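From just these sequences and the hints, can you work out the full model?
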Amino acid sequence: MKYCLLWVTLMFVAGLNGNAQNVQAKQRPNAKLTALNRKYYVLSINERKMRCYDSVYTAYPYKHQINARYFSVPITLTNNSPQVLSYLSMSCGWDEFYLIDNDSFHHTGIPCDKNVPVNMALAPHQSATVWFSVYTAKNGLKNNSFRIGMIIKKGGNPFFNNRRERKDKQDVIWSNPVKVSTH
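Under mature numbering (1 follows the signal peptide of the UniProt record, and there is no 0), read the sequence shown as residues -25 to -1, 1 to 158, first letter to last.
Simulated from the structure, these hints should not be mistaken for lab results.
Watch out, some of these pointers could steer you wrong.
[As the list claims (entries may be wrong)] Capping the alpha-carbon separation at 25 Å, the derived lysine-lysine pairs in DSS-like fashion look like this:
no., residue 1, residue 2
1, LYS24, LYS117
2, LYS154, LYS117
3, LYS14, LYS117
4, LYS7, LYS144
5, LYS154, LYS24
6, LYS113, LYS154
[What the hints assert, rightly or not] Label pairs and their calculated CB-CB ranges:
no., residue 1, residue 2, range
7, ASP88, TRP149, 29 to 35 Å
8, CYS27, LYS117, 17 to 23 Å
9, ALA10, VAL59, 17 to 23 Å
10, ARG26, ASP76, 20 to 26 Å
11, ASN42, GLN145, 33 to 39 Å
12, PRO57, CYS27, 36 to 42 Å
13, HIS100, ASP78, 31 to 37 Å
14, CYS87, PRO57, 22 to 28 Å
15, CYS27, VAL91, 32 to 38 Å
16, LYS24, HIS100, 19 to 25 Å
17, LYS144, ASP29, 30 to 36 Å
Since the structure is predicted, the reported quantities are computational estimates derived from the model, not experimental observations.
The beta-carbon is built from N, C-alpha and C at its ideal position, and this holds for glycine as well.
In structure tokens form, the structure reads like this:
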């Protein structure tokens, strides 16, 4: 049985003139991503900044795996458009808006006392980075590459079905693929 977990740590890294901020959305609620949006909004993983660990403390100790390999993965959202990108997130469970395209890698939520929808904004030509700590079983991993996707709900309508949206993948942008070693 494969034991995989993605433990999530949040850190926003400021761009030259700012970063993602909690703001009131000014876009149409639940506006769908267009082909142009997909060109302007870029999700990327910097492999050179990824770190590998044989053991880490997780917020969910009962899911801590001894025979696992851990990776700290920086995921950067860049807004290359001339307009502010307003999108929906959660106050602490922001990881609900991220997907992994390889079933050997998974993630858990972030424990918190209050998890409410928040509207985020990313200024034109700015970036924001979040850090995921990914772990997967050392043995039994057949495909060691993965991409991370982000569900972008423009306009910030907090009333959406996250489970349906995760299956739909209509408003997902994907990162570049990265390859990891489990040895």
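Problem - Violations among the numbered hints, reported as their numbers in ascending order - result: 3, 14
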